[in-house]
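These protein sequence lines are chains A and B, in that order.
One gets this note's numbering by counting positions in the first sequence from 1 and adding 151 to each.
One gets this note's numbering by counting positions in the second sequence from 1 and adding 151 to each.
Read the hints as simulated data drawn from the structure, not as lab findings.
One or more of the hints may lead you astray.
[Unchecked claim] To give an idea of the chain A side of the interface with chain B (calculated C-beta under 8 Å), a few residues:
| # | residue |
| --- | --- |
| 1 | ARG193 |
| 2 | ASN301 |
| 3 | ILE347 |
| 4 | LYS368 |
[Said to hold, decoys possible] Some but not every residue of chain B turned toward chain A, in silico, with C-beta under 7 Å:
| # | residue |
| --- | --- |
| 5 | ALA180 |
| 6 | SER182 |
| 7 | GLN286 |
| 8 | ASN301 |
| 9 | VAL308 |
| 10 | ASN315 |
[Unchecked claim] Derived DSSO-like pairs (lysine-lysine); straight-line CA-CA distance at most 27 Å:
| # | chain 1 | residue 1 | chain 2 | residue 2 |
| --- | --- | --- | --- | --- |
| 11 | B | LYS274 | B | LYS204 |
| 12 | A | LYS342 | B | LYS342 |
| 13 | A | LYS274 | A | LYS204 |
| 14 | A | LYS204 | B | LYS342 |
Every residue, glycine too, gets a C-beta built ideally from N, C-alpha and C.
2 protein chains.
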Amino acid sequence: MPSADVFDHISVVLVETVQPGNIGSAARAMSNMGLSRLRLVRPRGVLSSECLKMAGKAVDIVTGAAVFDSLQEALEDQNIVIATTSSRDRAAKQRLYSPREVAPLVLEYTATQKVALVFGSEKRGLTDDHLALCQYLVTIPAHPGHPVLNLAQAVMVLAYEIYNGQEFDLSPRDVLASQQMRDEMFEHLEKTLLRIGFLSSSNPGHIMNSIRRFLGKAELMPRDIQIIRGILTQMEWFAEEGHKLEAEKVRKP
Amino acid sequence: MPSADVFDHISVVLVETVQPGNIGSAARAMSNMGLSRLRLVRPRGVLSSECLKMAGKAVDIVTGAAVFDSLQEALEDQNIVIATTSSRDRAAKQRLYSPREVAPLVLEYTATQKVALVFGSEKRGLTDDHLALCQYLVTIPAHPGHPVLNLAQAVMVLAYEIYNGQEFDLSPRDVLASQQMRDEMFEHLEKTLLRIGFLSSSNPGHIMNSIRRFLGKAELMPRDIQIIRGILTQMEWFAEEGHKLEAEKVRKP
């Protein structure tokens, strides 16, 4: 049986869901598996009769859902962000976890961290921009002939694995940096790498995504973010002020 | 990956399903998990638009479903019959299996036997008369506050456990950088951070240890090491050559 407190730290985030019935079904699946925190990014027809009908007894989860204008805003206070994808093309670039592999990670993190489980829209899933905000990528093993699950079914499988993965030692961990702190760091990093000419302003995305990926796995704590931003600030200072000083030296003798 | 032949021996049997959408959703879930044989006992609205819409690409499973007047007739040619129930009251009379416990049994039997997975109606589940026809009883572990899953969700969980009871490789793991590559990168990093004055030469160890810790968790691949060393090289170039150029500029006007 889950500790209610621990499961309170897990949010399900549905991005641009098109069919209101799926929001309701997802809420019911969450409720079945002890989850209650739902976040919706630009949803359609949240309080429609179809949505509430599918939610059944879990109607409180739907009416209590927080609504956001962008995924970025929805994730600002989250520490660990897990995205779901049905695409195996990403396997070449990034490790794909199965729900069973990720469940123990979620249970371990959620003792001290806020964990978001992110699901894309029915038609397009999550875009590359969405995925760039996420640290772990999960795909549900399915038959190659028809591998795309209904949205609420995907929520069920992941929630079921987490609920059923529970016999774990929840050892306290250090508090990790929030998504907002990481985002600000990545903005700072991109700006600095452009300044020193490591990135070209025409196409910084490719390399930035690689950096986001590996730093996303680094379990950065707030202090680590300070170190990285300290290095960046020093690089900028060196780039801006450093040569003025050096130029002085050159001029003086 | 499942052998199609083996999975051909597994049937899903839905008894007196009331909502046609659930039949469609169940068919989609089956299809996602490599199952295709559907049997319906006194269903309602099988070919309704709601049912076909929810089936999506799995519409063939619905149109090809066999329809029966009683559960007994639906099970006549089956060798192993597994019933699902959300009631824990039955535990006193009969062993309750979890989906994870029953999956290996199904996979073992299905090599030579016909296996039926039986699901009751949305409101009443399976009656005692139905259960008397079944050999194994499965219940899905769920939160006591709201333990009853939607019918199609229950089909998904059981089908998912059976599909995943097979051995398969989700994605080959990328080769990570070697310890030597990481060590050389850390040496390079320390040298550069000293050069730009971020580290003091008297005691670089403390901050370098933090960086080693978080980059150590980042599962760096050789290409990631190249990116990091590329940034360092650019910083050095900027620090060494950059001001010469800037100094030139200062001198000229």
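Tested hints:
1. Among the interface hints, the one on A:ARG193 is violated; its C-beta lies about 23 Å from the nearest C-beta in chain B, farther than the 8 Å criterion.
2. For the restraint placing A:ASN301 at the interface with chain B, the shortest Cβ-Cβ distance is roughly 6 Å, inside the 8 Å limit, so the hint holds.
3. For A:ILE347, the interface hint holds, since its Cβ comes within 8 Å of a Cβ in chain B; the closest pair sits about 5 Å apart.
4. A distance limit of 8 Å between C-beta atoms decides the matter here; for A:LYS368 the minimum to chain B is near 5 Å, and the interface restraint holds.
5. A least Cβ separation of about 6 Å between B:ALA180 and chain A falls short of the 7 Å threshold, and the interface hint therefore holds.
6. A least Cβ separation of about 4 Å between B:SER182 and chain A falls short of the 7 Å threshold, and the interface hint therefore holds.
7. Violation of the interface hint for B:GLN286 is found here, the shortest Cβ-Cβ separation to chain A being roughly 24 Å, above the 7 Å cut-off.
8. Interface hint status for B:ASN301: upheld, as the beta-carbon distance to the closest one in chain A is roughly 6 Å, under 7 Å.
9. Because the beta carbon of B:VAL308 sits about 6 Å from the nearest beta carbon in chain A, less than 7 Å, this interface hint is met.
10. For the restraint placing B:ASN315 at the interface with chain A, the shortest Cβ-Cβ distance is roughly 6 Å, inside the 7 Å limit, so the hint holds.
11. Restraint check for B:LYS274 and B:LYS204: satisfied, since their Cα atoms lie roughly 22 Å apart, inside the 27 Å limit.
12. At most 27 Å may separate the alpha-carbon atoms for a hinted pair to count; A:LYS342 and B:LYS342 meet this at roughly 23 Å.
13. The straight-line distance between the Cα atoms of A:LYS274 and A:LYS204 is roughly 22 Å, inside the 27 Å bound, and the hint therefore holds.
14. Of the pairs offered as hints, the one joining A:LYS204 and B:LYS342 is violated, with about 63 Å between alpha carbons and a cut-off of 27 Å exceeded.
This entry does not satisfy hints 1, 7 and 14, going by the numbered hints stated previously.
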